[in-house]
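Going letter by letter, the sequence shown gives residues 7 to 325 in my numbering.
Just so you know, not all the hints are guaranteed correct.
Unchecked claim - Result set (DMTMM-like, lysine to aspartate or glutamate): computed pairs, CA atoms no more than 20 Å apart in a straight line:
#1 283 - 33
#2 180 - 230
#3 325 - 44
#4 325 - 282
#5 325 - 68
#6 325 - 79
#7 162 - 79
#8 162 - 111
#9 180 - 256
#10 162 - 230
#11 288 - 111
#12 171 - 286
#13 162 - 184
#14 171 - 184
#15 171 - 230
Said to hold, decoys possible - Here are the computed distance ranges between Cβ atoms for each label pair:
#16 185 - 115: 26 to 36 Å
#17 114 - 37: 34 to 44 Å
#18 280 - 237: 52 to 62 Å
#19 214 - 114: 32 to 42 Å
#20 162 - 195: 18 to 28 Å
#21 214 - 142: 22 to 32 Å
#22 228 - 134: 13 to 23 Å
#23 279 - 230: 19 to 29 Å
#24 116 - 285: 52 to 62 Å
Hints were generated in silico from the structure; no laboratory data involved. Every value quoted in this text rests on a predicted model; they were computed, and no experiment measured them. A virtual CB, placed ideally from N, CA and C, is assigned to each residue, including glycine.
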Amino acid sequence: MTKKIFLTTIIPACLLIACSKSLSTADPNFNVNINATDIALGDTSRFSFSGNPDVITFYSGEIGSRYEYRNRDTANGTPLLRFRTIRANGSQQGSLAVMISDNFEGVLVNDTPATVNRIAAANWTDISSRATLSSGSTTAVASGNIDLSDFSANNKPVYIGFRYKGFAGSAQSKWTIDSFTVKNVLNDGSSYIIANMNASNVAYTNYGVSGFSPGFAAFRSLNDYYWVVSSGTSLVITGATSAGVAAPAEAWAVIGPLNLRKVTPDAGRAVKVATEKTEELKFTHRYTTPGSYNAIFLGGKISARESEYTNRSFQITVK
7 MTKKIFLTTI IPACLLIACS KSLSTADPNF NVNINATDIA LGDTSRFSFS GNPDVITFYS
67 GEIGSRYEYR NRDTANGTPL LRFRTIRANG SQQGSLAVMI SDNFEGVLVN DTPATVNRIA
127 AANWTDISSR ATLSSGSTTA VASGNIDLSD FSANNKPVYI GFRYKGFAGS AQSKWTIDSF
187 TVKNVLNDGS SYIIANMNAS NVAYTNYGVS GFSPGFAAFR SLNDYYWVVS SGTSLVITGA
247 TSAGVAAPAE AWAVIGPLNL RKVTPDAGRA VKVATEKTEE LKFTHRYTTP GSYNAIFLGG
307 KISARESEYT NRSFQITVK
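Sequences and hints are given; from them, build the entire structure.
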């Protein structure tokens, strides 16, 4: 299969004649030979090439490297939230709530009062009952899988918040939250991180492809107690440690916006760049799981005016 992609650019008049010709002498048509299409688990697939494309990319057909999903960034799945909690110090009931909203207008950078007002104005759904929370221990308690499918059905981005409340009259609780993840789990068994505890500039990977979490932001709504955000590690808040100084308090740690249908596009493996000679390529791949795989090589020529691609496919069976 061959397809052309036309590129529209604005260029100086003096370059019109030069650019009317292709800048590449490559040919998008190429051939691939394979040593065998039926192989035993642990064997190596070996490929050789002929022709003269500028580039060749390999899609193995494995999860994370499927040609048909190279441009996919959303998919219907089951969005699952997980985290762990530790409650220390006081035993006030209802001091931690897990909240979700699809109409919070977002964090305003360098404007905490306005963001706090937005938090107060948003409609939040309390989903604490879906989680197992610590009842007081030094051991972290896993929340279990919290299904957010009812929120992804709206096709709207959401924010997740941990709301802390302290009350007068008794020592207030200290809460620690770690191992926070939101994943989109698909029917084929693949699982894609949507968010975790990373800072917004620290990548995570799904099947070798990088993605970024929005990162947590912390805000105080009442009193001076606040969430300490340790990116990649934990959220911690400590209220009043004795009844004598306990006063009403409220603080939030929020993350979003999150698209609960998000996935990372599948990625190919580079086989050839323009400076390499096709006939000299020695390319191998080893499958680690039995199954049938639609392996595809995408090759093409790259020029200033248009790029043209051809693909070559093999049905590989691993037993």
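Consistency of the hints with the structure:
Between residue 283 and residue 33 the alpha-carbon distance is near 13 Å, which keeps this suggested pair within the 20 Å criterion. Distance restraint check for residue 180 and residue 230: the Cα-Cα separation of roughly 14 Å lies within the 20 Å cut-off, and the hinted pair is therefore satisfied. Annotation: proposed proximity of residue 325 to residue 44 holds, straight-line Cα distance about 8 Å (limit 20 Å). For the hint linking residue 325 to residue 282, the alpha-carbon distance of about 34 Å lies beyond 20 Å, and the restraint is violated.
Between residue 325 and residue 68, the direct Cα distance comes to roughly 15 Å. Compliance with the 20 Å bound is thereby established for this hinted pair. Of the pairs offered as hints, the one joining residue 325 and residue 79 is violated, with about 31 Å between alpha carbons and a cut-off of 20 Å exceeded. Simply put, residue 162 and residue 79 have alpha-carbon atoms about 15 Å apart, close enough for the 20 Å limit, and the pair holds. Restraint check for residue 162 and residue 111: satisfied, since their Cα atoms lie roughly 12 Å apart, inside the 20 Å limit.
Annotation: proposed proximity of residue 180 to residue 256 holds, straight-line Cα distance about 13 Å (limit 20 Å). This hinted pair does not check out: residue 162 and residue 230 have alpha carbons roughly 33 Å apart, beyond 20 Å. With a C-alpha separation of about 53 Å, the suggested pair residue 288 and residue 111 falls outside the 20 Å cut-off, and the hint is violated. Taking the CA atoms of residue 171 and residue 286, the gap is about 66 Å. The hint is violated against a cut of 20 Å.
Distance hint between residue 162 and residue 184 is unfulfilled; the C-alpha atoms sit about 26 Å from each other, more than 20 Å. Distance restraint check for residue 171 and residue 184: the Cα-Cα separation of roughly 19 Å lies within the 20 Å cut-off, and the hinted pair is therefore satisfied. Using a Cα cut-off of 20 Å, the hinted pair residue 171 and residue 230 holds, with the two alpha carbons roughly 12 Å apart. For the hinted restraint 26 to 36 Å between residue 185 and residue 115, the CB-CB distance of approximately 27 Å keeps it satisfied.
Separation of residue 114 from residue 37 is about 57 Å and departs from the stated range, judged on CB atoms against 34 to 44 Å. As the Cβ distance of residue 280 to residue 237 is approximately 40 Å, the hint placing it in 52 to 62 Å is violated. Checked against the hint of 32 to 42 Å, the C-beta distance between residue 214 and residue 114 comes to roughly 35 Å, which is consistent with it. In this structure the supplied range 18 to 28 Å holds for residue 162 paired with residue 195, their Cβ-Cβ distance being about 27 Å.
A hinted range of 22 to 32 Å for the beta carbons of residue 214 and residue 142 is inconsistent with their spacing of about 41 Å. The hinted range of 13 to 23 Å is satisfied by residue 228 and residue 134, whose Cβ atoms lie roughly 19 Å apart. At roughly 57 Å, the beta-carbon separation of residue 279 and residue 230 lies outside the given 19 to 29 Å, and the hint is violated. Distance hint check: the CB atoms of residue 116 and residue 285 are about 58 Å apart, consistent with the given range 52 to 62 Å.
Hints 4, 6, 10, 11, 12, 13, 17, 18, 21, 23 from the earlier list are contradicted by this structure; the remaining hints agree with it.
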